[in-house]
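Please build the complex by placing chain B on the supplied structure of chain A, with the hints as guidance.
Below, each chain spelled out in residue letters.
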Amino acid sequence: MKPVYIISSSCISPQASFHNENLDIPLHHTNENVFYCIEPDYSKFINPVQIRRMSRALKMGFTAAIDCLQKAGDPRPQGIIIGTGKGCMTDTEQFLHSMREFNETALNPTNFIHSTYNQINGMVALNKKINSYNVTYVHRGFSFEHSLIDAMMLIDDGDAEMVLTGSFDEMTSEHFDVKQIWGFWKEEKIDSNQLMLSQTGGTIAGEGTSFYLLSNQKPSSIAVALQDIRTLYKPSNDDIKNTLNLILKDNEITHDDIDIIMLGESGDYHRQAPYQLIREALPMSQPLVFKHLCGEYDTSTNFAFWLSTEILQHQSIPRYLISPLNQLIKPSSSSIKTILIYNNYFEQNQSMILLRLAD
Amino acid sequence: MKGRLIVSGLGIYTALGKGVEANNYALQSMQHGLSSLDYLKTIHANAFPFGEIKKSAEELIQEAELQDNKGFTRTSLLGILALKEAYIQAKIPFSNSLRIGIINATSVGGMCEVERYYFDVLDQVGDFSEYSDTIDCADCTHRIADYFGIKHYVTTISTACSSSANAIMLGARLIQKGIIDIAVCGGTDALTRFTINGFNSLKNIDKNHCRPFDANRNGLNLGEGAAYIILESEQSCRERGASPLVEFAGFSNFNEAFHPTAPNPEGEGAYQVMKLALEKAHLNPSDIDYINAHGTATLTNDESESNAMKRLFPVLPKFGSTKCYTGHTLAAAGAIEAVFSIQSILKGAVYANLNFETPMPETGFIPQLNYESGLDIQHVMSNSFAFGGNNASLIFSKIKTS
Numbered sequence: 001m002k003p004v005y006i007i008s009s010s011c012i013s014p015q016a017s018f019h020n021e022n023l024d025i026p027l028h029h030t031n032e033n034v035f036y037c038i039e040p041d042y043s044k045f046i047n048p049v050q051i052r053r054m055s056r057a058l059k060m061g062f063t064a065a066i067d068c069l070q071k072a073g074d075p076r077p078q079g080i081i082i083g084t085g086k087g088c089m090t091d092t093e094q095f096l097h098s099m100r101e102f103n104e105t106a107l108n109p110t111n112f113i114h115s116t117y118n119q120i121n122g123m124v125a126l127n128k129k130i131n132s133y134n135v136t137y138v139h140r141g142f143s144f145e146h147s148l149i150d151a152m153m154l155i156d157d158g159d160a161e162m163v164l165t166g167s168f169d170e171m172t173s174e175h176f177d178v179k180q181i182w183g184f185w186k187e188e189k190i191d192s193n194q195l196m197l198s199q200t201g202g203t204i205a206g207e208g209t210s211f212y213l214l215s216n217q218k219p220s221s222i223a224v225a226l227q228d229i230r231t232l233y234k235p236s237n238d239d240i241k242n243t244l245n246l247i248l249k250d251n252e253i254t255h256d257d258i259d260i261i262m263l264g265e266s267g268d269y270h271r272q273a274p275y276q277l278i279r280e281a282l283p284m285s286q287p288l289v290f291k292h293l294c295g296e297y298d299t300s301t302n303f304a305f306w307l308s309t310e311i312l313q314h315q316s317i318p319r320y321l322i323s324p325l326n327q328l329i330k331p332s333s334s335s336i337k338t339i340l341i342y343n344n345y346f347e348q349n350q351s352m353i354l355l356r357l358a359d
Numbered sequence: 001m002k003g004r005l006i007v008s009g010l011g012i013y014t015a016l017g018k019g020v021e022a023n024n025y026a027l028q029s030m031q032h033g034l035s036s037l038d039y040l041k042t043i044h045a046n047a048f049p050f051g052e053i054k055k056s057a058e059e060l061i062q063e064a065e066l067q068d069n070k071g072f073t074r075t076s077l078l079g080i081l082a083l084k085e086a087y088i089q090a091k092i093p094f095s096n097s098l099r100i101g102i103i104n105a106t107s108v109g110g111m112c113e114v115e116r117y118y119f120d121v122l123d124q125v126g127d128f129s130e131y132s133d134t135i136d137c138a139d140c141t142h143r144i145a146d147y148f149g150i151k152h153y154v155t156t157i158s159t160a161c162s163s164s165a166n167a168i169m170l171g172a173r174l175i176q177k178g179i180i181d182i183a184v185c186g187g188t189d190a191l192t193r194f195t196i197n198g199f200n201s202l203k204n205i206d207k208n209h210c211r212p213f214d215a216n217r218n219g220l221n222l223g224e225g226a227a228y229i230i231l232e233s234e235q236s237c238r239e240r241g242a243s244p245l246v247e248f249a250g251f252s253n254f255n256e257a258f259h260p261t262a263p264n265p266e267g268e269g270a271y272q273v274m275k276l277a278l279e280k281a282h283l284n285p286s287d288i289d290y291i292n293a294h295g296t297a298t299l300t301n302d303e304s305e306s307n308a309m310k311r312l313f314p315v316l317p318k319f320g321s322t323k324c325y326t327g328h329t330l331a332a333a334g335a336i337e338a339v340f341s342i343q344s345i346l347k348g349a350v351y352a353n354l355n356f357e358t359p360m361p362e363t364g365f366i367p368q369l370n371y372e373s374g375l376d377i378q379h380v381m382s383n384s385f386a387f388g389g390n391n392a393s394l395i396f397s398k399i400k401t402s
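Going down the list, the sequences are from chains A and B.
First residue of the first sequence? That's 1 in the working numbering, and the numbers climb one at a time after it.
First residue of the second sequence? That's 1 in the working numbering, and the numbers climb one at a time after it.
What the hints contain is simulated information worked out from the structure, not anything from laboratory work.
This one's a predicted model, so the numbers in the text were calculated from it and none came from an experiment.
C-beta atoms are modelled at their ideal positions from N, C-alpha and C, and glycine is treated no differently.
Do not take every clue at face value.
[What the hints assert, rightly or not] Okay, derived cross-link-like pairs now, SDA-like style, lysine to any residue, Cα gap no bigger than 25 Å in a straight line:
id, chain 1, residue 1, chain 2, residue 2
1, A, K44, B, F258
2, B, K203, A, N103
3, B, K177, A, Q217
4, B, K280, A, E161
5, B, K275, A, N103
[As the list claims (entries may be wrong)] Residues from chain A shown here face chain B by an in silico Cβ test under 7 Å; the list is partial:
id, residue
6, I25
7, I46
8, D74
9, F102
10, P109
11, T116
12, Y117
13, N118
14, N121
15, S132
16, Y133
17, F142
18, H146
19, M153
Next up, chain A with everything else stripped away, as it sits in the complex (with noise of 0.2 Å):
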């Protein structure tokens, strides 16, 4: 397929990096095991009747998506395309416990419908008029990927110019809690700087959200292209060395043109190994590690497709990337062409994004 282009973007994380220009932000970091998002002022974006009955993931994700349109002078994208692996958490959390509490009687149905998981996509269209393609994947480590490639796709086939594309997924304490149980975090607390450094098992939890408005026009700017996207269902270590081959053959570039690998190493000593595997494989290119930043959820690559867009346009590392678990190999002053961001969830879900500094 044809490269998009990245026209704008709009990034809710737990860094400030909402309406941030400015890549050296300071950072944020958490001895809970999770983190959660900074949010933005929602008055802009949202009337204040909506906001009270907002959740902070529908608050949030809809914020990022205008966001994201009103950066491009709001035009009308022929697609809305939204990942999400767990959808609007709250809402689903509280539909169960006013079922319980009222004894299934008497419900409000605002839970309800808020906790259908393309409630932003519909949210979005609404609001802006947006008559289109209009598609929610709820594969949750392959949610935002997959909207991905139906983007490149839909622009790939003529069906659409501009696509808005992105992901949400909130953090709850509740979920956090129930995750506990069953073992997905780390059972000491942590500082989160330190993430990569530990030797035990589990990970720490995040959240965040981004959105992308795709094209097939290479905007005049500097334009950082997506060009290519693979996932990897269950993958043994020759699938994922096949496909790393094959994304570089593809498209027309070898090894040591990946100026950066962005790794989705999450600090669990138990889920290394791929990850040295593609260190090992790509020897000459700059590893950074991301979810020390934004810890570990469905989408989490959102926040690294944010990262690594910005890392393009600005042509530098940002200083607060810049840490024991992110030491540079090679002079700051080096240019920065080609980012792959590779992301291992749980196993199950990896994925390959290629992103370039538009010729």
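Positioned in the frame of chain A, the structure of chain B alone reads:
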């Protein structure tokens, strides 16, 4: 890929029965599958009719012949059992090197189990670790993919009541793009207290059997089920020695951006999506022989859909809803009704829209009132409309022998 897209396998499990034949028989006999609930525990069990599949979890596990049945939700089990039938018909061996992808759809995934043990997990009473992460939509897709060894593209769509129609569309597009060769497309949804209470809080469940397109309709009935279709190119189908059933001729997805849960009463979104599907299929409205309508029997849907049909079709084709047989199976509905639509072509038959008495004053439309066979059904349209304005329309066509 160039050329026609072919459906080579069908699988279905609804309150009408397990398998295409059982469902055909019920439709032919004009026998609905609605009843009070025997298996799902809810205070609403006797308050409304439901399209419940009369099988316990244990019986479904036995039918699926699972060696290790830990953590299989009812949603996963229904999906596996429906897809098994499609696999056999499409002659796909369980172990193979084909580039097969699964595009699954569900509205609440494993909620059917999650809602039973959720508070016990929070209180840490008992061990429910086998169900870890079944709260999402991907769990059932993973279970189904692993059962059949599907690896090449594994994904799940959730656009409420149009989910599996969108899954079928995506399957077609992935094949056309050459990303996969064979697409397993469909959806599965088990009845849950969550959705029953959700729709009840919206006050759109009928206490009686639903009456699609009737002036006095009073809401929908909920149901459960799963259905899958196997899509591939004509060439792939021929090379594998499978039998082509029908052609998947056209499709469209269109958001009408009108209201969070209600359709435009004028039917603008429904009109556009049907029109776009016809264009994609290079067909005229007069080519459509039967419309398997979304027809939920809610006040708003049937008004909107009727108005859209009135505007698009100068001469109204035979049409009707089959939700009066199965109940509204939400994310599975698009695939279940795709199977009924395909069977309509293969059997040359159209289905009776049950419980209809009085035409709606807006259109005066009378849906198909009897099961009718011996017809030459060339093209069938199947509609699915959803919360959030997510509309979808699919067109299946008889395979031309030229």
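We went through each hint and held it up to the structure:
1. K44/A - F258/B: holds, 23 Å
2. K203/B - N103/A: Holds, because 17 Å separates the two Cα atoms, which is no more than 25 Å.
3. K177/B - Q217/A: Given that 25 Å is the threshold and the Cα spacing comes to 21 Å, the pair holds.
4. K280/B - E161/A: Given that 25 Å is the threshold and the Cα spacing comes to 18 Å, the pair holds.
5. K275/B - N103/A: Not OK: K275/B and N103/A at ~45 Å, beyond 25 Å, violated.
6. I25: violated, 31 Å
7. I46: Result: violated, 14 Å to nearest chain B Cβ.
8. D74: violated, 15 Å
9. F102: violated, 9 Å
10. P109: OK, holds: P109/A within 7 Å of chain B, min 4 Å.
11. T116: holds, 5 Å
12. Y117: holds, 4 Å
13. N118: Since chain B brings a Cβ to about 5 Å from N118/A, closer than 7 Å, the hint holds.
14. N121: The hint holds - N121/A has a Cβ within 7 Å of chain B, the shortest such distance being about 6 Å.
15. S132: holds, 6 Å
16. Y133: holds, 5 Å
17. F142: holds, 6 Å
18. H146: Holds, because the Cβ-Cβ distance from H146/A to chain B comes to roughly 5 Å (cut-off 7 Å).
19. M153: With a closest approach of 6 Å, the M153/A hint holds.
Checked against the numbered hints listed earlier, the structure breaks hints 5, 6, 7, 8, 9; every other hint is satisfied.
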